[in-house]
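Protein chains: 2
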Amino acid sequence: MAGRNHLYIPGPTNVPTEIMSAMNVVMEDHRSPIFPNLLKPILQDLKKIFRTETGQAFYFPATGTAGWEIALTNTLNPGDTVIIYRFGQFSHLWGQMAKRLGFNVEIHEEPWGTGIPLDKLQARLKADSAHQIKAVLATHNETATGVTSDISGVRKAMNAANHPALLFVDGVSSIASIDFRMDEWGVDGAISGSQKGFMLPAGAAILAFSQKALKATETSTYPRCFLDLTDQMNNNKDGYTPYTPSIPMLYGLRKALDLLLEEGMENVYARHYRLAEGVRKAVAAWGLTLCAQPGFESNTVTAVVVPADKDAREVISTAFKKYNMSLGGGLSELAGKVFRIGHVGDMNDISMLGALAGVEMAMLDCGFNITPGSGVAAAVEYYRATAN
Amino acid sequence: MAGRNHLYIPGPTNVPTEIMSAMNVVMEDHRSPIFPNLLKPILQDLKKIFRTETGQAFYFPATGTAGWEIALTNTLNPGDTVIIYRFGQFSHLWGQMAKRLGFNVEIHEEPWGTGIPLDKLQARLKADSAHQIKAVLATHNETATGVTSDISGVRKAMNAANHPALLFVDGVSSIASIDFRMDEWGVDGAISGSQKGFMLPAGAAILAFSQKALKATETSTYPRCFLDLTDQMNNNKDGYTPYTPSIPMLYGLRKALDLLLEEGMENVYARHYRLAEGVRKAVAAWGLTLCAQPGFESNTVTAVVVPADKDAREVISTAFKKYNMSLGGGLSELAGKVFRIGHVGDMNDISMLGALAGVEMAMLDCGFNITPGSGVAAAVEYYRATAN
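Chains as they are written, first to last, in the numbering used here: chain X, 1184 to 1571; chain A, 1184 to 1571.
Take these hints with a grain of salt, some might be off.
Pairs count within a copy or across copies, as identical chains cannot be separated in the list.
With a straight-line Cα cutoff of 27 Å, these simulated DSSO-like cross-link-like pairs (lysine-lysine) come out [said to hold, decoys possible]:
no., residue 1, residue 2
1, LYS1398, LYS1282
2, LYS1520, LYS1420
3, LYS1223, LYS1505
4, LYS1282, LYS1309
5, LYS1520, LYS1504
6, LYS1282, LYS1420
7, LYS1504, LYS1223
8, LYS1420, LYS1504
Derived from the structure by calculation, the hints contain no laboratory data.
Can you build the whole structure from these sequences, using the hints too?
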């Protein structure tokens, strides 16, 4: 249909025109004497997004999936034990990756819709008195279910158990949008990608590692090359990269950092909370429920459970074909049971009201028993009441 | 200085405005029902660039360096023996990668400026009657020295030795610019990147594998995940990817394929030969020599040897600071001994004459004993005589 596509998936997110324009550059020599003037400040400013002063930030021309692998293969040894709680497709995939890469993976099942169970984690770590567990893999924001886990709580559980494992956090769909404090929470590896809160196309793994994690790279015997952190460090210290970076991506990242830091991270977090809260008010007004259990609601993506006699795929298909709006689908065991509304990145009130209106139309078309306008009205009231 | 930078490095190369414009798209859902309409034809048309009908083409959101790793880790087993001839920084790095990844690497030294010694290769393969060697790693175009090796000859040597090893070819700086015939030459893995002949920014590993190589993925026990070919195959068959691709890169690749196929691969090869030949005429007119020995001259990059009393770094620095022109430097043992002129991608006669004029100015500034205008004149004569 005419008119633009309305993109409400949790990544890739809408790229602001300012960023697309900033990426529209001619190529340049990544070995020139002035190239470090571009890269070095980016790596410094990234630390402000990760909220770390003692850690080090990295850019790889890859994706968040590569970021998961970078954390594992640069710091651990083959066969090392890692622990992960599985409660959605992305925590599932990270655990599967660790298994495929030859680590001994303790996968603990939790109901989809919940997050990391802090008490259980603490008990498990306490029981591991021999410190066999070398890393805790924590999915900060489970994109598949719209669940945010308490990483500060994970750190407290680790400390309470006096456990020395590394803490690796999948922040692909949280960092640069949901409150994240690397130093304060004692995160050893923070993994993100360009296509969510950073408001860029996919194609950059954006990471930060603590000094403890970087120290671990020295003893890790895991074979690695393209995703090697040491190669990056050796080159980054002079402002260069071990192989050709994407020039447009770096200029886009520069612009994204400018936009985020100009808004201020606390404001970025507050905006995402507020937009998400409006969506949640709408879902409640429709009489539907979230996949996320209370206390786990994500501020970047909301997974909405459809009634048992409905197929969420039809809502998504109708929204796309009839109204040119893209929603996220239910993944794996959630296929057909939920649709997902992304509210991450370059979003504001009107963006979300467009999403909610489109969802209402699609649900009504699919015979949902909802009151037309009810969700939009609930969000409108909330947004008006909380607008600055 | 005012005026644009003139980029004559062998990658990233100049991206045509048509491609940059094609990349300037809004993001879209990579799981939508229409996404395969974008990806599937790209993967099909890539086969026309690799010149393969029986092989399969792949896109990874990574770089050519990742492409090297993809070939090794998807088809071989840890500890397998591979053979590589080292005659420049990039054949060096590929061999080093294979070592770091735990393969048993037979590195044979050849003088920098030469390429793969076909007789020696044939003899070595013949001597390997137990077929311990599982893969031949062949650097088609050694970007560091401006040397092109004879891949057709490599295949003939392998066949003459009746050796079943896989043939992997680093075509990062040759594919889509220098004659390359995957099926005809029996190449099992062809590795390229986006930022050379494909005229795109860095950020895509572009590959093709033979059925024999794809079969080998089934028995390879090497741990891998982000760079796994099987994950790609399982998703690509339906037109999808295992993780988020770069939407702008795919639209750019679509446009690059259109431009290349419209020009015609034979014409693309002929253009690169002709532009390179003009550069070589200029070098001869200056009384300088190529790093490449006769018969090994590359059509995408020319490494020019400076007189023993000169430092090539000064030429490069002068060209950059005084004339805003970027040349390639000498890498590793060639540092200071050569400068490199890239003539790959979106180039034509006037582009190269600009490069040659700039090089002349910089060399004269550095006290080179050359006749002003001599190189440009030689190239002008050649280009005029051979222009259509």
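When no copy is specified for LYS1282 and LYS1420, does a C-alpha distance of 27 Å or less occur within a copy, between copies, both, or neither?
-> Cα proximity of LYS1282 and LYS1420: across copies only (25 Å, versus 33 Å in one copy).
Up to 27 Å between alpha-carbons, please classify LYS1282 paired with LYS1309: within, between, both or neither.
-> Within one copy only: 23 Å inside, 40 Å across.
Could you figure out if LYS1504 and LYS1223 sit no more than 27 Å apart (CA to CA) within one copy, between two copies, both or neither?
-> Between copies, since 21 Å is at most 27 Å while 45 Å is not.
Are the CA atoms of LYS1398 and LYS1282 at most 27 Å apart within a copy, between copies, both, or neither?
-> both (24 Å within a copy, 23 Å between copies)
27 Å Cα cut-off: does LYS1420 pair with LYS1504 within a copy, between copies, both or neither?
-> So LYS1420 and LYS1504 pass the 27 Å test across copies only (23 Å; inside, 50 Å).
When no copy is specified for LYS1520 and LYS1420, does a C-alpha distance of 27 Å or less occur within a copy, between copies, both, or neither?
-> Result: close only across copies, 26 Å inter versus 48 Å intra.
Quick one: LYS1223 to LYS1505, C-alpha cut-off 27 Å, is that within a copy, between copies, both, or neither?
-> between (46 Å within a copy, 24 Å between copies)
With identical chains treated as interchangeable, where does the CA-CA distance between LYS1520 and LYS1504 reach 27 Å or less: within a copy, between copies, both, or neither?
-> For LYS1520 and LYS1504, only the intra-copy Cα distance (19 Å) is at most 27 Å; the inter-copy one is 61 Å.
In summary, the structure agrees with every hint in the numbered list given earlier.
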